[in-house]
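Asks: Listed below are the residues making up each chain.
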Amino acid sequence: MKYDTSRARNPRSYDETDRFDIEPERYELFEGPRYQFEPDRRDFLKVLGGGILITLVWRAAEAQDGESGRRVRRSVLSAPQDLEAWLHIADDGRVTIYTGKTEVGQNIRTSLSQVVAEELHVPVESIAMVMADTNLTPYDRGTFGSRTSPSMAPQLRKAAATARELLVDLAAERLGVDRESLVAAEGAVRHEASNRSVAFGALAKDRKLTQRVTSDAETAAPEDWKVAGTPVAKVDARSFVTGSHQYASDVVRPGMLFGKVLRPKLVGATLESIDASKAEAMPGVTVVRDGDFVGVAAPSEPVARQALAAIEAEWKNPESSGEELYARLKRPQEDGGGGGFRRRSGGTRGSIERGMAEAKHRLQSTYAIAYVAHAPLEPRAAVAEWNDGKLTVWTGTQRPFGVQGDLAEAFGMSGERVRVIVPDTGSGYGGKHTGEAALEAARLAKEAGKPVKLVWTREEEFTWAYFRPAGVIEVDAGVDADGKLVAWEFHNYNSGGSAIAPLYEVANQKVQSHRSDAPLRQGSYRALAATANHFARESHIDQLAHAVGQDPHAFRLSNLKDERLRAVLEAAAKRFGWGSVAAEGHGFGIAVGSEKGSYVANCAEVAVDRTTGEVRVVRAVTAFECGTILNPLHLENQVEGAVVMGLGGALFEAIELEGDAVANPRFSRYRVPRFGDMPKLETVLVNRPDLPSAGAGETPIVTIAPAIGNAIFAACGVRLTSMPMVPKGVKV
Amino acid sequence: MAEMLELRVNGAAHQVDVAGRRKLLGILRDDLGLTGSKYGCGEGQCGACTVLVDGVAAKSCVAVASALAGREITTIEGLATGDKLHPVQQAFIDHDAMQCGYCTPGMVMAGAALVENNREPSDEQIVEAMQGNICRCGTYQRIVAALRQAAAAPTGAGDRQEAAS
Ligand code: FES
Ligand code: FES
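From first to last, the protein sequence lines are chains A and B.
Residue 1 is where the first sequence starts when you use our numbering, and the numbers rise one by one after that.
Residue 733 is where the second sequence starts when you use our numbering, and the numbers rise one by one after that.
The set of hints was computed from the structure by calculation and includes no laboratory data.
Any given hint might turn out to be false.
[Said to hold, decoys possible] Pairwise CB distance ranges, derived in the manner of DEER restraints: (1) A:Ser668 <-> B:Glu804: 46 to 52 Å; (2) A:Asp92 <-> B:Ala884: 37 to 43 Å; (3) A:Asp224 <-> B:Gly776: 49 to 55 Å; (4) B:Glu804 <-> A:Leu691: 22 to 28 Å; (5) A:Asp275 <-> B:Asp826: 40 to 46 Å; (6) B:Gly776 <-> A:Ser351: 37 to 43 Å; (7) A:Gly613 <-> B:Ala751: 47 to 53 Å.
Every value quoted in this text rests on a predicted model; they were computed, and no experiment measured them.
Cβ atoms here follow ideal geometry from the backbone N, Cα and C, with glycine treated the same way.
Next up, chain A with everything else stripped away, as it sits in the complex (with noise of 0.2 Å):
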């Protein structure tokens, strides 16, 4: 097996991240899929049990989008590949949806649900969703950057549509009347003259019927919609509250083994020798060594356990620069073409020396932003198993086919012959992306002859995942004698290029984002970069306000033009009541910004114990708008949870470093937001039904941390320019 970390160690540059809008470490996501997925559709229908079978196909138009490079280049392959999602109706009614995205928390499995039951007139109950399983759904780059709602649910509400208007046609047919005489409602086609109906399944009996999705199709306005846009409750949760719905780590195959694996102290460090014959004469125990990579699989997890405690290895660990993290960053990479990005790597607009001369006040600030571990309860997990030279594993991941390609290379093999199925996973927020845990198992499956399951430990989790890249961030800007923006200067180290754009009005700008020699293995986290950028700009447009004596939220509309960007400053400015003096010990703060289209501002108070220096959040209020809302229960609850996590990263998330490695991988030293942390969160949804929907897992985490430190400064005069802000406090 191939099992080379080190290239993941190497992340691409990030503008193709942004520019791509997934990921950095995956350069794989620039390939063409392994799997060459060709289904035949009559097979298909075999397979399906008959029926009608509506198929949705990559469209040419949204390849042209700037979002993917990579489906060009599908669009223009054979077409079979070019299935993007499925709609099935069985011959007793049911409605089955295939799509290759995965359910992580974000509650797509209810929403498309959703649009599909508007589209088609069948409640929601009767909606099944197969989703992320390889040989079940479609191809599907992924789920993450914030696309399941702006592409897969618009898709879907066609293919709806279509299904619909073909089984109109149908029971036109059928009942030997005019086609504009039926209606389809609950399930079945109406005649009302006659008032004779048909139902779906009736319909679709003893018929093999493929039809593509056709553009044309009519779907319902916004203003229209009964199902779609409700707060329809979580599909499935009933299997959560009662404990049967299985993770990945719940998964039992017959005579299944646990497996470890042997880890060393550092990411990248390489085995010099071992002696494992004390684990491989326990019973059952299988030891496998492949190059650097030591596991066993054990009958149960204790003897698992104490197999890998009895293999004395050493490990050569890395060397370590010894250099201080932020300096480290600073430092520009020598490779990718001379530091800099190479492409989108940011701009440069007017004059930044022509805008200085304009300026009444220059002010110049360096923010710093540390390493956060997405740590999703459920850590990594997966349960492999072969059979007949097949594989087949159960994985919690956010790229069901990136990871199966990652197997089939690991292994040798071809794509067909691995399957992985993605149970509905305990969460990702970017951070599952790869498949290491899926490699692991396969490997001591294929050892051990028999299934085997591998779930992460909290502390492999901690250090053996990869992180929210740290950063360094430097802004220069000038103001004229009028509070207007004349010079926005802006860099940041290693962190990325997301949201980097100032968003405010002026005339000379230069922002560029700068790759560094990072010493963590780094990758994607809810809305990346944005978070750091967006804390960067924000607090310093709060010290420019202040440095000219306006009002933040007033002189932050004075210099905002975008209207979008407005209507929520304004919304959460309104419903906090902004304006209002705040108790003694008390601060208010404020903070706007956008990304991967979707709007947001926070008005945050915060308490400040002037002898203790704690600080408590004690109120948050978040307006968001993302167009057009799909379920706005579902909505809020990912605006409230992106604050909620957003919180954790402003106030004391942080990975510690000793030398290179991980000091703090348990969440007894590594805090993450609890009960006793949070504020009063208000959220006000802005809907914008004459806009499209936009993903909203992201970005309503991006905004929360200026303002709270922006409320931080009102409260006690101390600007905190780094992330986190008060791990142990603020010293006033």
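Assemble chain B with the ligands onto chain A, guided by the hints.
Replies: For chain B with the ligands alone, coordinates are given in the frame of chain A:
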């Protein structure tokens, strides 16, 4: 060397091997197939593994199984009465108090322990009782609202236990 012991889980007796100071969580998940209790940290920090021991919330990942002989253990699988959900389970659905749901079984068990003993918990008491449970998806505010509802539910825990006995 196996060390067999009888454990009472969800009203049934099971002979299990508790050798090597095995923790309850592994026994529930791997030996008894009760995978509703989750592993999140293994050090008592996250609450994903929360069960009830004689009605009191306990973190099964740190609970040494051999100390639990004769105690009544309830897991998430044993909380509902037949098809009827416990008020805390229902309240979690009503308040959309979950996203990925991985923390949910532990949250529900910790919450059930709370409302069974306190039918009018203040928000401070809720926070105090739940502080050891992490929801990385950040649904805390919804969970607090759910627990307020569950505590006030007429078919609360007391009634449930009476009905069961
Ligand atoms: S798994 Fe038991 S407290 Fe985290
Ligand atoms: S719902 Fe995901 S951890 Fe709580």
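Asks: Which of the listed hints are not met by the structure?
Replies: Going through the list in order, the structure violates hints 1, 4, 5, 6 and respects the others.
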